[in-house]
Amino acid sequence: MSVESYLNYLQHEKRYSPHTVLAYRTDLVQFNEYIEQTYEMQPEEAKYVHIRDYIVHLMEDKVGSNSIGRKLSSLRGFYKYLYRQKIISTSPMSLIKAPKTPERLPVFIEEQKLDHLLDSGEFFDATFSSVRDKMVIEVLFGTGMRLAELLGLKETDIDFYQESVKVLGKRKKERIIPVTKQLINQLKEYIELKSLQKFNNKTDDLFVTNKGTAVYPVFIYKIVKSYLTYISTQDKKSPHVLRHSYATSLLNRGADLNAIKELLGHASLAATQVYTHNSIERLKSIYKQAHPKA
Numbered sequence: 001m002s003v004e005s006y007l008n009y010l011q012h013e014k015r016y017s018p019h020t021v022l023a024y025r026t027d028l029v030q031f032n033e034y035i036e037q038t039y040e041m042q043p044e045e046a047k048y049v050h051i052r053d054y055i056v057h058l059m060e061d062k063v064g065s066n067s068i069g070r071k072l073s074s075l076r077g078f079y080k081y082l083y084r085q086k087i088i089s090t091s092p093m094s095l096i097k098a099p100k101t102p103e104r105l106p107v108f109i110e111e112q113k114l115d116h117l118l119d120s121g122e123f124f125d126a127t128f129s130s131v132r133d134k135m136v137i138e139v140l141f142g143t144g145m146r147l148a149e150l151l152g153l154k155e156t157d158i159d160f161y162q163e164s165v166k167v168l169g170k171r172k173k174e175r176i177i178p179v180t181k182q183l184i185n186q187l188k189e190y191i192e193l194k195s196l197q198k199f200n201n202k203t204d205d206l207f208v209t210n211k212g213t214a215v216y217p218v219f220i221y222k223i224v225k226s227y228l229t230y231i232s233t234q235d236k237k238s239p240h241v242l243r244h245s246y247a248t249s250l251l252n253r254g255a256d257l258n259a260i261k262e263l264l265g266h267a268s269l270a271a272t273q274v275y276t277h278n279s280i281e282r283l284k285s286i287y288k289q290a291h292p293k294a
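All the letters of the sequence shown, read from the start, carry residue numbers 1 to 294 under the UniProt record's numbering.
Just so you know, these hints were derived from the structure itself, not from any lab. Treat each hint with caution, since some may be false.
[Unchecked claim] Computed spacing ranges between beta-carbons, pair by pair:
| id | residue 1 | residue 2 | range |
| --- | --- | --- | --- |
| 1 | Thr-90 | Asn-210 | 52 to 58 Å |
| 2 | Glu-262 | Met-59 | 35 to 41 Å |
| 3 | Ser-130 | Ser-67 | 25 to 31 Å |
| 4 | Thr-229 | Val-29 | 31 to 37 Å |
| 5 | Lys-222 | Val-63 | 41 to 47 Å |
[What the hints assert, rightly or not] Okay, derived cross-link-like pairs now, DSSO-like style, lysine-lysine, Cα gap no bigger than 27 Å in a straight line:
| id | residue 1 | residue 2 |
| --- | --- | --- |
| 6 | Lys-170 | Lys-198 |
| 7 | Lys-170 | Lys-80 |
| 8 | Lys-181 | Lys-166 |
| 9 | Lys-154 | Lys-261 |
| 10 | Lys-170 | Lys-222 |
| 11 | Lys-113 | Lys-97 |
| 12 | Lys-80 | Lys-14 |
| 13 | Lys-198 | Lys-113 |
| 14 | Lys-113 | Lys-237 |
| 15 | Lys-80 | Lys-97 |
| 16 | Lys-47 | Lys-113 |
| 17 | Lys-134 | Lys-47 |
| 18 | Lys-237 | Lys-211 |
| 19 | Lys-86 | Lys-62 |
| 20 | Lys-80 | Lys-134 |
Beta carbons are placed, not taken as given, at the ideal position from N, Cα and C, and that holds for glycine.
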């Protein structure tokens with residue numbers, strides 16, 4: 001089946017993460033079901049008109065423009081693969097344009113609120129689970145790494161001498177993120193506390209559950225959401241919000257945009273430039289509050 005061969009290609013040759021491959025699988029299986037049920041054909045037989053009807057079907061189902069754009073991106077890659085494999089002679093996606101999506105600024109938590117959460121002493125105690133939860137938030141906010149990168153962290157990825165953390169980013173690309181001496185010392189204390197726990201199996205995974213097994217996405221989401229609820233009323237409270245908060249804090253403190261791009265592991269500067277909008281909005285707010293003519 002072409003869909004399965006394409007997914008294998010993404011996983012083994014392009015080295016996409018399991019999370020990304022799963023997202024492609026979901027999109028392609030959904031499209032495959034629509035094409036089979038509606039037109040009784042295989043995806044390889046689809047033409048421009050069928051893709052256009054699929055978009056209309058998604059819009060009638062109230063699927064958001066961002067989600068439609070992602071699904072079309074999945075289809076675009078799939079049909080490009082089929083063309084290169086000479087399974088099709090032309091791509092039905094060549095004339096397809098995704099619906100326009102409203103520009104949304106990255107959601108972030110103000111630095112002062114995160115400082116209060118992490119430094120006030122109100123929210124964490126000395127138990128292993130509490131220390132681990134604090135370290136999860138400290139590392140996400142202190143490095144700006146992605147959730148998948150956090151899940152893959154090993155104790156050996158921490159360079160205590162160089163005060164840096166090695167992460168494995170998208171498409172297996174490694175990068176080094178410098179961290180503060182304070183965070184390095186906190187990581188030392190956390191790893192020492194972790195070594196004292198009576199887990200059945202010792203593991204090199206940096207973050208583990210209360211039973212000593214490697215943490216997983218839902219586990220981290222719950223940690224982040226539960227603690228951010230103490231300091232923020234905004235709806236979105238995810239690990240990615242802490243990544244946005246990291247980037248916004250760096251930019252507000254005068255960091256070079258190219259440097260932020262490297263720290264975040266972005267492939268292009270365009271992905272990083274979205275944070276400049278947050279900075280401009282902050283400057284506007286300061287102006288309105290402080291300028292006599294505002």
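Cross-check of the supplied hints:
Judged by the Cβ atoms, the range 52 to 58 Å given for Thr-90 and Asn-210 holds: they are separated by roughly 55 Å. Between Glu-262 and Met-59, the C-beta spacing of about 38 Å keeps the proposed range 35 to 41 Å intact. The given range of 25 to 31 Å is broken by Ser-130 and Ser-67, whose C-beta atoms sit roughly 37 Å from each other. Between Thr-229 and Val-29 the C-beta distance comes to about 35 Å, which sits within the given range of 31 to 37 Å.
A hinted range of 41 to 47 Å is violated for the C-beta pair Lys-222 and Val-63, which are about 27 Å apart. A hinted pair counts as satisfied when its Cα atoms are at most 27 Å apart, and Lys-170 with Lys-198 does not qualify at roughly 34 Å. Note on Lys-170 and Lys-80: the hinted pairing holds, with a Cα-Cα distance of about 21 Å set against a maximum of 27 Å. Proposed proximity of Lys-181 and Lys-166 is supported: the alpha carbons are some 16 Å apart, at most 27 Å.
The straight-line distance between the Cα atoms of Lys-154 and Lys-261 is roughly 24 Å, inside the 27 Å bound, and the hint therefore holds. Simply put, Lys-170 and Lys-222 have alpha-carbon atoms about 23 Å apart, close enough for the 27 Å limit, and the pair holds. Restraint check: the Cα-Cα separation between Lys-113 and Lys-97 comes to about 41 Å, which exceeds 27 Å; the hinted pair is violated. The straight-line distance between the Cα atoms of Lys-80 and Lys-14 is roughly 14 Å, inside the 27 Å bound, and the hint therefore holds.
Restraint check: the Cα-Cα separation between Lys-198 and Lys-113 comes to about 35 Å, which exceeds 27 Å; the hinted pair is violated. Proximity of Lys-113 to Lys-237 is assessed by CA-CA distance (about 13 Å); at most 27 Å being required, the pair is judged to hold. Note on Lys-80 and Lys-97: the hinted pairing holds, with a Cα-Cα distance of about 15 Å set against a maximum of 27 Å. The hinted pair formed by Lys-47 and Lys-113 fails the criterion: a straight-line CA distance of about 52 Å is larger than 27 Å.
At most 27 Å may separate the alpha-carbon atoms for a hinted pair to count; Lys-134 and Lys-47 exceed this at roughly 52 Å. Taken as a hint, the Lys-237 and Lys-211 pair is honoured in the structure, with Cα atoms around 25 Å apart against an allowance of 27 Å. The straight-line distance between the Cα atoms of Lys-86 and Lys-62 is roughly 35 Å, outside the 27 Å bound, and the hint therefore fails. Our distance criterion of 27 Å between C-alpha atoms is broken by Lys-80 and Lys-134, whose separation comes to about 44 Å.
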